[in-house]
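Trainee: What follows is each chain in one-letter form.
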Amino acid sequence: MTRDYHDIVGGLLLIAAGLFVASYAYGHYDIGSVRRMGPGMFPMGAGAILAVLGVFVALPAVFRRSDGWRPLYLRPAAAVCLGVISFALMVRPFGLVPAILVLNVVSSLAVRKPRPLQIAVTGIALCVVAYLIFHLALHLPLTLFRWPW
Amino acid sequence: MDIFANLVLGLETAFSPVNLFYCFVGVFLGTLIGVLPGIGPLTAISMLLPLTFHFGPTTALIMLAGIWYGTGYGGSTAAILLNIPGTTSSAVTCLDGYPMSRQGRGGVALLMTTVASFIGGSISIVLLMIFAPAIARYALQFGSAEYFSLMVLGLVAASAVTDGSAAKGLAMVVLGIVLGTVGIDIYSGQTRFDFGFLELGNGISLIALAMGLFGVSEVILSARDVGTKALDRSSVTLRVMKPTREDLKRSWLPILRGSGIGSFFGTLPGTGPSIASFMSYAVEKRVSRDPGRFGSGAIEGVVAPEAANNAADQTAFIPTLALGIPGSATMALMLGALTINGIAPGPTLMTDQPSLFWGLVMSFWIGNILLVILNIPMVGLWVRLLLVPYRILLPAILMFICIGTYSVNNSAFDVWLVVCFGALGYVMRILQFPAAPLLLGFVLGPMMEEHFRRAMLLSRGDFMTFFDRPISAVVMSLSLALLAWGLFSAFRVRRRDAAAQSG
Numbered sequence: 001m002t003r004d005y006h007d008i009v010g011g012l013l014l015i016a017a018g019l020f021v022a023s024y025a026y027g028h029y030d031i032g033s034v035r036r037m038g039p040g041m042f043p044m045g046a047g048a049i050l051a052v053l054g055v056f057v058a059l060p061a062v063f064r065r066s067d068g069w070r071p072l073y074l075r076p077a078a079a080v081c082l083g084v085i086s087f088a089l090m091v092r093p094f095g096l097v098p099a100i101l102v103l104n105v106v107s108s109l110a111v112r113k114p115r116p117l118q119i120a121v122t123g124i125a126l127c128v129v130a131y132l133i134f135h136l137a138l139h140l141p142l143t144l145f146r147w148p149w
Numbered sequence: 150m151d152i153f154a155n156l157v158l159g160l161e162t163a164f165s166p167v168n169l170f171y172c173f174v175g176v177f178l179g180t181l182i183g184v185l186p187g188i189g190p191l192t193a194i195s196m197l198l199p200l201t202f203h204f205g206p207t208t209a210l211i212m213l214a215g216i217w218y219g220t221g222y223g224g225s226t227a228a229i230l231l232n233i234p235g236t237t238s239s240a241v242t243c244l245d246g247y248p249m250s251r252q253g254r255g256g257v258a259l260l261m262t263t264v265a266s267f268i269g270g271s272i273s274i275v276l277l278m279i280f281a282p283a284i285a286r287y288a289l290q291f292g293s294a295e296y297f298s299l300m301v302l303g304l305v306a307a308s309a310v311t312d313g314s315a316a317k318g319l320a321m322v323v324l325g326i327v328l329g330t331v332g333i334d335i336y337s338g339q340t341r342f343d344f345g346f347l348e349l350g351n352g353i354s355l356i357a358l359a360m361g362l363f364g365v366s367e368v369i370l371s372a373r374d375v376g377t378k379a380l381d382r383s384s385v386t387l388r389v390m391k392p393t394r395e396d397l398k399r400s401w402l403p404i405l406r407g408s409g410i411g412s413f414f415g416t417l418p419g420t421g422p423s424i425a426s427f428m429s430y431a432v433e434k435r436v437s438r439d440p441g442r443f444g445s446g447a448i449e450g451v452v453a454p455e456a457a458n459n460a461a462d463q464t465a466f467i468p469t470l471a472l473g474i475p476g477s478a479t480m481a482l483m484l485g486a487l488t489i490n491g492i493a494p495g496p497t498l499m500t501d502q503p504s505l506f507w508g509l510v511m512s513f514w515i516g517n518i519l520l521v522i523l524n525i526p527m528v529g530l531w532v533r534l535l536l537v538p539y540r541i542l543l544p545a546i547l548m549f550i551c552i553g554t555y556s557v558n559n560s561a562f563d564v565w566l567v568v569c570f571g572a573l574g575y576v577m578r579i580l581q582f583p584a585a586p587l588l589l590g591f592v593l594g595p596m597m598e599e600h601f602r603r604a605m606l607l608s609r610g611d612f613m614t615f616f617d618r619p620i621s622a623v624v625m626s627l628s629l630a631l632l633a634w635g636l637f638s639a640f641r642v643r644r645r646d647a648a649a650q651s652g
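First to last, the sequence lines map onto chains B and C. Counting from 1, position 45 in the first sequence corresponds to residue 45 in our numbering; the numbering is continuous, with no gaps. Take the position in the second sequence, starting the count at 1, then add 149; the result is the number in our numbering.
You may find that some hints are simply not true.
Pair by pair, the computed Cβ-Cβ distance ranges are [to be verified]: (1) Leu347/C - Ala78/B: 23 to 31 Å; (2) Ser626/C - Gln118/B: 56 to 64 Å; (3) Val62/B - Ser626/C: 31 to 39 Å; (4) Arg603/C - Arg65/B: 46 to 54 Å; (5) Phe344/C - Asp30/B: 14 to 22 Å; (6) Gly27/B - Pro166/C: 55 to 63 Å; (7) Ile133/B - Arg609/C: 53 to 61 Å; (8) Ala633/C - Gly27/B: 28 to 36 Å.
Going by beta-carbon spacing under 8 Å, a handful of chain C positions derived as facing chain B [claimed, not checked]: (9) Leu319; (10) Leu324; (11) Ile326; (12) Leu534; (13) Val537; (14) Arg540; (15) Tyr555; (16) Ser556; (17) Val564; (18) Trp565; (19) Gln581; (20) Phe582; (21) Phe601.
Counterexamples of contact, computed for chain C against chain B with all Cβ distances above 12 Å [unchecked claim]: (22) Ile152; (23) Gln290; (24) Arg394; (25) Phe427.
These aren't lab readings, by the way, just hints derived from the structure by calculation. For every residue, glycine included, the Cβ atom is placed at its ideal position computed from N, Cα and C.
Pulled out of the complex, with its shape left as it was, chain B reads as follows:
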């Protein structure tokens, strides 16, 4: 028999987050009085409620059975997040087109057995679509290429 670890972990995370928010608000901001509240009062209360709800989530789960861990899909998670991160890193120094190309390659690794030719075609198509929609149609002030050196 395994316990319902999902809810235990989730509840503990909520308790930690709630306690952090409440104590940070108490330590850094003016609490004031109920009649005239300072900036810290509302976040402190919300943090405390969050921690209590965390207990409500975690405690029943300790006594509940479950079928063990669900699959985590780590490969798509890593590929998608790294893809967006590489866009964030590339778009200022290099411009839009290189950022899209890198995003396309990295995020395409999320799928099992990536196909290089298809990724290349998709990358070119995406750049054309981005140019047409965001540059020509919507006139957004986006730099397409930039050389940082």
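Based on the hints, put chain C in the right spot on chain B.
Mentor: For chain C alone, kept in the frame of chain B given last:
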């Protein structure tokens, strides 16, 4: 101004070429997104929210609303032809729609759902025109205590009624409220929870939060099913769409019942189109003389839920526009589109911005007519779209998310926020915490804090102010009852599960 003048104003606004064009763009994109599994209306609206900066509020809202009800139409196409619910509200349609298309009657099912959706939409638009102004007039006398109570009710209903545990839903609402406190406090000018990032001074960007929470996490979880499904093309030609006299006779009452049920559930906070479609399916099955036909291609089981979810799509705007209190995460985004454009939502919206309100309502009619045109002759195109492999869609969706977020402030910081909230959304999916209550809490949080502090100031710190004022007292008691019911039923389910496991 009387109703006739309002209607004329609304029609003028809705028929202006710009609004007409973006209404078309909205319903077109809505259908497209509804057909594609893996992107729901929330993802779609958050992806397009940044673009609305460039349009002005009326046009922006017309387009976003078009996406919202357009997905309802598109979702049913995927549900009927491939047994994939493109959106959650069309999950019920699979039950009888897919068997119909296996019997070669997919065309009939598609036509009848379009007709049902149109009728459901029309009925609820009339209700919206009657009730929204009346409620808004009544709401003008509301004070901070009433507003705070109403928001509490909305949040409790949204978290306690949805599937899964009430404690989890409530926890997500509170987490959303906490995230909403980031940024400058309007009373004291103190910056809260910015951790040294200047970019957080104005708070967390709603767009980055929605894109990460719904867009990125959705993409991650959809990446695993990249296969395509087989499809029988002969069942979707125009010729086989003609319904029999028997179909029509069986359909008209369920359509009307579905519209009524949908209109009612659409206005309630926390329920929305998904619950409306499930309820109307259950009702049809209950009142049917021959419930055994359900599940093997009964047309009543297709048209009633479709009428219901489209009706609910439109009436969901009643609390959002009349009170400024959104009942669902999607409506919270609509409200966000208004505040981004500098319009304060609330009961004065209709009198201050009559062209916005009536233009939007009239655009619903136009949008629904456009959807009928888009859906019936063009069904072949949508079907082909279903066959686009996800390995091509995945980088395309991510590109729109990245550029959309970046272009709002030309800020790479917002793209980093998308990554953070994408990771949060992914963890929440794995741990089975619902994301929609978080967004609702995030949007309502700052308003709640403002009204709570003002109410406390006025009552000199007396919490009983929420129970001394009659309207507020009724609303608060309702919230408490819902809260108790939610926690109690969660407890009962757990007991039953435990009993089943040990027995």
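Trainee: Which earlier hints turn out false for this structure, listed by number in ascending order?
Mentor: When the structure is compared with the hints, numbers 12 and 13 turn out to be violated.
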